[in-house]
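So the chains spell out like this:
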Amino acid sequence: MIALLIRDLRLAFRAGGGFGLGLAFLLIVTVLVPFSVGPQSTLLSTIAAGILWLGALLACLLSLDRLLALDHEDGTLDLLLTAPLPLEAVVSIKALAHWLTTGLPLVLAAPLLGILLNLPGPGFLWLVSSLAIGTPALSVIGTFGAALTVGVKRGGLLLSLLVLPLYVPTLIFGAEVARRGAAGLALETPLLMLAGITFATIALMPFASAAVLRMGLR
Amino acid sequence: MPELGKYAVEVLSAYAASLVLLAALILLTLRRGRAARAALEEAEAEARRDA
Amino acid sequence: MSIWQYANPVKFLALSAKVQPTLWLISGICVVGGLVWGFFGTPDDFRQGSTVKIIYLHVPSALMAINAWFMMLVTSLIWLIRRHHVSALAAKAAAPVGVVMTLIALVTGAIWGQPMWGTWWAWDPRLTSFLILFLFYLGYIALWEAIEDPDTAADLTSVLCLVGSVFAILSRYAVQFWNQGLHQGTSVPVVTGGRSVADVFWYPLLTSMVGFGLLFVALVFYRTGTEIRLRRARALRARVGREL
Numbered sequence: 001m002i003a004l005l006i007r008d009l010r011l012a013f014r015a016g017g018g019f020g021l022g023l024a025f026l027l028i029v030t031v032l033v034p035f036s037v038g039p040q041s042t043l044l045s046t047i048a049a050g051i052l053w054l055g056a057l058l059a060c061l062l063s064l065d066r067l068l069a070l071d072h073e074d075g076t077l078d079l080l081l082t083a084p085l086p087l088e089a090v091v092s093i094k095a096l097a098h099w100l101t102t103g104l105p106l107v108l109a110a111p112l113l114g115i116l117l118n119l120p121g122p123g124f125l126w127l128v129s130s131l132a133i134g135t136p137a138l139s140v141i142g143t144f145g146a147a148l149t150v151g152v153k154r155g156g157l158l159l160s161l162l163v164l165p166l167y168v169p170t171l172i173f174g175a176e177v178a179r180r181g182a183a184g185l186a187l188e189t190p191l192l193m194l195a196g197i198t199f200a201t202i203a204l205m206p207f208a209s210a211a212v213l214r215m216g217l218r
Numbered sequence: 001m002p003e004l005g006k007y008a009v010e011v012l013s014a015y016a017a018s019l020v021l022l023a024a025l026i027l028l029t030l031r032r033g034r035a036a037r038a039a040l041e042e043a044e045a046e047a048r049r050d051a
Numbered sequence: 001m002s003i004w005q006y007a008n009p010v011k012f013l014a015l016s017a018k019v020q021p022t023l024w025l026i027s028g029i030c031v032v033g034g035l036v037w038g039f040f041g042t043p044d045d046f047r048q049g050s051t052v053k054i055i056y057l058h059v060p061s062a063l064m065a066i067n068a069w070f071m072m073l074v075t076s077l078i079w080l081i082r083r084h085h086v087s088a089l090a091a092k093a094a095a096p097v098g099v100v101m102t103l104i105a106l107v108t109g110a111i112w113g114q115p116m117w118g119t120w121w122a123w124d125p126r127l128t129s130f131l132i133l134f135l136f137y138l139g140y141i142a143l144w145e146a147i148e149d150p151d152t153a154a155d156l157t158s159v160l161c162l163v164g165s166v167f168a169i170l171s172r173y174a175v176q177f178w179n180q181g182l183h184q185g186t187s188v189p190v191v192t193g194g195r196s197v198a199d200v201f202w203y204p205l206l207t208s209m210v211g212f213g214l215l216f217v218a219l220v221f222y223r224t225g226t227e228i229r230l231r232r233a234r235a236l237r238a239r240v241g242r243e244l
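Protein chains in written order, with the working numbering: chain E, 1 to 218; chain X, 1 to 51; chain S, 1 to 244.
By construction, these hints were calculated from the structure, which means they are not laboratory data. Since the structure is predicted, the reported quantities are computational estimates derived from the model, not experimental observations. Heads up, a few of these hints could be off.
To be verified - Selected chain E positions facing chain S (Cβ under 7 Å, derived; list incomplete):
no.	residue
1	Leu-148
2	Val-152
3	Leu-158
4	Leu-161
5	Leu-162
6	Leu-166
7	Val-168
8	Ala-208
Claimed, not checked - Here are the in silico distance ranges between beta carbons for each label pair:
no.	chain 1	residue 1	chain 2	residue 2	range
9	S	Phe-177	E	Ser-36	24 to 30 Å
10	E	Phe-35	X	Glu-41	55 to 61 Å
11	S	Trp-37	X	Lys-6	19 to 25 Å
12	E	Leu-104	S	Gln-20	55 to 61 Å
What the hints assert, rightly or not - Okay, the calculated bits of chain S under chain X, using three or more residues with CB under 8 Å as the criterion:
no.	stretch
13	35-44
14	54-65
15	95-102
16	107-117
17	216-223
18	230-240
Ideal Cβ positions, reconstructed from N, Cα and C, are used throughout, including at glycine.
Produce the complete structure using the sequences and hints provided.
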């Protein structure tokens, strides 16, 4: 398992592996937002938390189609299918590697981008924590979507269509935590819901992803 | 025609839009159904000829 | 005799051919009857004016939009557990009908909302969850279209339907939490057994709901038959092609 994780991480960090693409995407989105809505700092500070959440979500989505597709193309996935490691573990590792290379950098970069968007002072802590709690769910759900479309040629667009509706609850609660945090309101309920979604998806989605992979590659 | 009052446009457009959507669904369904029947007959005829 | 004998496509087609004329007739009578009755035969509401007539389209279509997904969930489960092809094809056949029902509910709701709430669209929980349901339908249909092998497509769409159901329900509660609504409470509270609609409006509404329900069943029967024929034609072609 650890070998698989290290392999995935190494592939991601290597040139052309796509590491940092998500980060660059989020940066560009953040830069483009003031151009599209205007530079008033009051407006920006109200929407900053939501924009960063949306940007992070899209950045996650962006890197999903290479999550399993590359391994499918070069046959690694077929090898993993016959490996002694249960497929549920394989997809969990894949999701973890995706989170480490995409989600975690986004979490760390978010406060810097928050400065660009005039995020109010108390919002930083909650933005970072909500992203840290919520992005693992995005990776796990995304792995399910990638597993669904692994056999489809040019499935990138289809993948977005399938995954985005599944992201709705995570986005709602995650952005709500960040927004309430920025406004200094009580946020226990959405925070607990967000954590609940993350833990539930981490516990259950690998089974769905593995089942779907077995069906798709049969 | 009942007196619809000031909301006539809304009520009529709601009915029109819904009926158009339903009609489109039924027409497409029937057309696809007919095409499927034709395709099956053709395929069966072909299969018989070969057999 | 059990319901499972209709897992045989031939038996299913025979049954479907037998019941369809009746189904179409009754559903046609109920839909047309309910709508005509509602449109011509009911008074205006004292607050909503004549826009209350939209309810005869809005409520039945919304009801069927949800029930169509529920039916797809059940047939998907049957496919996954018992591997009956007819079941998978019925789910496939129902999805576009569900899309149209969702669209009708959204469109009539928007048209009604414009004079009553003063806006075409509000990010109200019910409206939002219907929009999300619409997206789920689109994804489901797109996945069916994208995968070539029919059994794999049935497998994958079934799992998507299961997972999607969980997330759709989760979204329903998430949006409820996220925004308090403008939308009135349900017109047909099944759980409490009561209802919030007066009798004059209720009977035509009930007729229309029955009509939409039967129309859905008739459409699904017909469309499932279409899918079975297409599948069979394809199988025959493939066999002939190999022999040549």
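Now the hints, each set against the structure:
1. Leu-148: At about 6 Å, which falls below the 7 Å cut-off, the nearest Cβ of chain S leaves the hint on Leu-148/E intact, so it holds.
2. Val-152: 5 Å, holds
3. Leu-158: 5 Å, holds
4. Leu-161: 5 Å, holds
5. Leu-162: 4 Å, holds
6. Leu-166: Given a least distance of 5 Å, the restraint on Leu-166/E holds.
7. Val-168: Holds: closest Cβ of chain S sits about 5 Å from Val-168/E, inside 7 Å.
8. Ala-208: 5 Å, holds
9. Phe-177/S - Ser-36/E: 24 to 30 Å: For Phe-177/S and Ser-36/E the Cβ distance comes to about 28 Å; the hint holds.
10. Phe-35/E - Glu-41/X: 55 to 61 Å: For Glu-41/X against Phe-35/E, whose Cβ atoms are near 60 Å apart, the range 55 to 61 Å holds.
11. Trp-37/S - Lys-6/X: 19 to 25 Å: Given about 23 Å between the Cβ atoms, the range holds.
12. Leu-104/E - Gln-20/S: 55 to 61 Å: Between Leu-104/E and Gln-20/S, where Cβ atoms are some 57 Å apart, the hint holds.
13. 35-44: Result for this restraint: holds, n = 4.
14. 54-65: holds (count 4)
15. 95-102: Answer holds; 3 residues pass the 8 Å Cβ test.
16. 107-117: holds (count 6)
17. 216-223: holds (count 3)
18. 230-240: holds (count 8)
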